[in-house]
Amino acid sequence: MKKLWDVRELSTIAILALEIAFFAWYLWPGEGRSHPFLNPANGLLILKYSSIYGIAAVGAAIVIICGGIDLAPGAIIALSGVVAGGLFVNGHWGLASSTGAGMLTAIACGLLSAALIVFVGLPPFIATLGVMGIARGVAFIVTEGRYFDVSGALPPGWRLAGIPLDWTSPILMVGLALVFQILMTRFQWGRAVFAIGGNAVAARFSGVPVGLVQASVYLVSAALAGVSGIALTIVQGQGKADLAMGYELDIIASAVVGGASLSGGRGSVVGAVLGTLIFGVLRNALPQISGATFYDRLIVGLVVIVIVVMDQLLQRRKGVHP
Amino acid sequence: MEAVAFQHLDKSFGAVAALSDVTFAVRAGEAHAIVGENGAGKSTLLNILAGSLHPDRGSLVLGGAPVALASPRNALARGIGLVHQEMLAFPNLSVTANIFAGRELTSRFGWLRESEMRTRARDLLARLQLPVSPDASVDTLPVAHRQLLQVARALAFECRLLALDEPTTSLTAAETDHLFRILGDLTRDGVTIVYVSHRLPEVFRLCDRITVLRDGRVVDTFLRDAVSHDAIVQAMVGRSIPDRAPAPAPAADGSGEPRLRVKGVTRRPCFEDVSFSIAPGEIVGLFGLVGSGRTELLETLVGVQHPDRGSMTIDGRPARWRSPRAAARAGVVLVPEDRQRQGLCFNLTLRHNLVLPAATTRGAILVRGSEVGTSATLVRDWRITAPSTAITPDALSGGNQQKIVLAKWLALGPRVLLLDEPTKGVDVAAKYDIHGIVLELAARGTAVLLVSSDLPEVLALADRILVMREGRVRGELAAGADEARVMRLATAPDSVRSVRLQADRGAVS
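Residue numbers (this note's numbering), protein chains in the order written: chain E, 1 to 322; chain Y, 1001 to 1509.
To be clear, the hints were calculated from the coordinates, so they are not data collected in a lab. Using N, Cα and C, we set each Cβ at its ideal position, and we do this for glycine too. Watch out, some of these pointers could steer you wrong.
[Stated by the list, open to error] Examples of chain Y residues toward chain E, derived with CB under 8 Å:
| id | residue |
| --- | --- |
| 1 | Ser1052 |
| 2 | Pro1072 |
| 3 | Leu1082 |
| 4 | His1084 |
| 5 | Asn1092 |
| 6 | Ala1097 |
| 7 | Gly1102 |
| 8 | Glu1104 |
| 9 | Thr1106 |
| 10 | Gly1110 |
| 11 | Trp1111 |
| 12 | Leu1112 |
Throw the hints in and build the complete structure from the sequences for me.
Quick look at the structure:
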């Protein structure tokens, strides 16, 4: 069995804990006032907004472990959101059917990516860059720049299966992360994803259906982006074509910070979700520090580099020679 | 009973025929060797057997019926396992996951039966006497263990036919013995073995029958007990068309300071303690099979890789360079083996390719007029057939591409020229031209180190021949040595002493 200290996610958890401790100390309020960062409402806020990234990061981690890259999630988040939101608000479709339509749109994007990569043989970067443009473009065409007021159209006090609205997407994130963590570590499909990422030629010689697994990975990523898009529409209460701009890079960064290697074969779904929490805390806490407003992108960039460099040094110390 | 029969297989890559009309059969339960020189078609044949290449014509007969193997998955399902020459392991996965990759033991929905796989992996490792934990990550294992892991995979899948492609290239003698004991056990259990190797002693030790391939054709299949080592070597190297190479230029007298002197150069695990010297105007051939360390040696001499130890002098001055750029400034250039990957920039025109080394190593300012002039001169001098120097190299034949690679370095007027397979994949006429260029350069005083798997070429051009095997120089032969003798030195691990025919020319220390 693995030793506890070999579990890569532990270091991500440690970084997250350090980060929370730092901001709790730095933002410690004066006597008698409530803590602006360390309070339950703010915690929920961080979870709520991180979960949009987190759900999509589950898919991004799987694609990266498979040795690929997916640039489409941000655009798919926006597209599935406006499709579901538009049909619900303007089309007067039911909640289930408009959500279903949003998901189908996302899955269609995933099919397109998969077809371009597996059948046409495009490099994943190019294929998903194209799909990203197409999805974003369609979102703008469909909405003609308008936005759909989803929260106004929902019945007041509406909740999904008795869960308060704010809790819906964090719970979805945790649930999906656990499901896919188990799929990736305990099922043949996940093993095949790791094998292809580690050595695609060897996987082919071992009888792994490489094309099929690669296709499935981009489908999963797109579908998860669809879930994330619908969650975002509900969280924000609106569907808009320019939502989630640039999310794809934050999502990829989260997966990498969570231990995924862009050369494939290494990483974890839970790690990627923890990575989005690291960034979620940063995005939440930095604006509360006076004067830090202009530094937040810089700090995010530095954090990515520092964490990945530390990870590589640790790998080297363990005597890994790839 | 035949385990597998190849019937009239043809396979071409572009204009190169890798296999033509290959017909022979492997009997069930035998150990059958396929031997041949580099490029004889052995790997192509194995890849067809493993389902990763498809023959252009002809068929594969398995258990009496012709089959079309669509993919490796298909071949595995029919009990054909391949232990690949390159390390086909998953460095990111555990030993257990490597053994079962692609054929995991699963319950419904693909749930992995981890504990069962681990138990079976432990048994397999015990059977192979591999002191490795089933949970160890493969990237922490030494190379030899990774290779044996491939055998464990084949055992786990209960392959009926196991094909091994040069499985011992990275194994020590003890590890090779270990592998052979296991293969012996397997044949006793009725597994058919197809064994591809350059190493004839191994082949004679393991295999019942030996099929020799040459230039993509089957020469013959021999019974081990009815054939000698020398007869196999003859069958491997014998050529139907004699190569026509110009007569070598008279060698330099060898007095005075050698142009290049290499002493005790070592880079583990590629080569060890290599020493030799080359006089001005001398052509020294360096012959060795793939994996003998010759390409790595050249890359070290030119500064692409750095040696663990050893020294080098050029015209008596110590040379220590860190990059090909520094080496080129010192007058040492390498014409690499793979012109597609290492020799040419396919996005640039011939003109830009031709002036690239001169421009980068001398830091010259690019002047269009002189570029045009220089490149036109080079094209004319080296008899390169090209409509213009403004086209990209992909429009040229392999031979002319190779001449461009040579010419771009020769424009620098090198003092030491290192050639790695200079005529690989070029037509006979271009080969003749290239030989002419090499001889002309030598006549002007350049010291040439020629690495080639084409033995007749080495014999025709070189004044002396160094033979490398397993990272060491195993002997030195005079010009005009016979092929079989060189091949024996290059293939036989034991019994052959380092032969020195020329006592006083250069030095193998």
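Here is how each hint holds up against the structure:
| no. | hint | result |
| --- | --- | --- |
| 1 | Ser1052 | 7 Å, holds |
| 2 | Pro1072 | 5 Å, holds |
| 3 | Leu1082 | 6 Å, holds |
| 4 | His1084 | 7 Å, holds |
| 5 | Asn1092 | 4 Å, holds |
| 6 | Ala1097 | 6 Å, holds |
| 7 | Gly1102 | 3 Å, holds |
| 8 | Glu1104 | 5 Å, holds |
| 9 | Thr1106 | 5 Å, holds |
| 10 | Gly1110 | 3 Å, holds |
| 11 | Trp1111 | 6 Å, holds |
| 12 | Leu1112 | 6 Å, holds |
Hint compliance for this structure: every hint is met.
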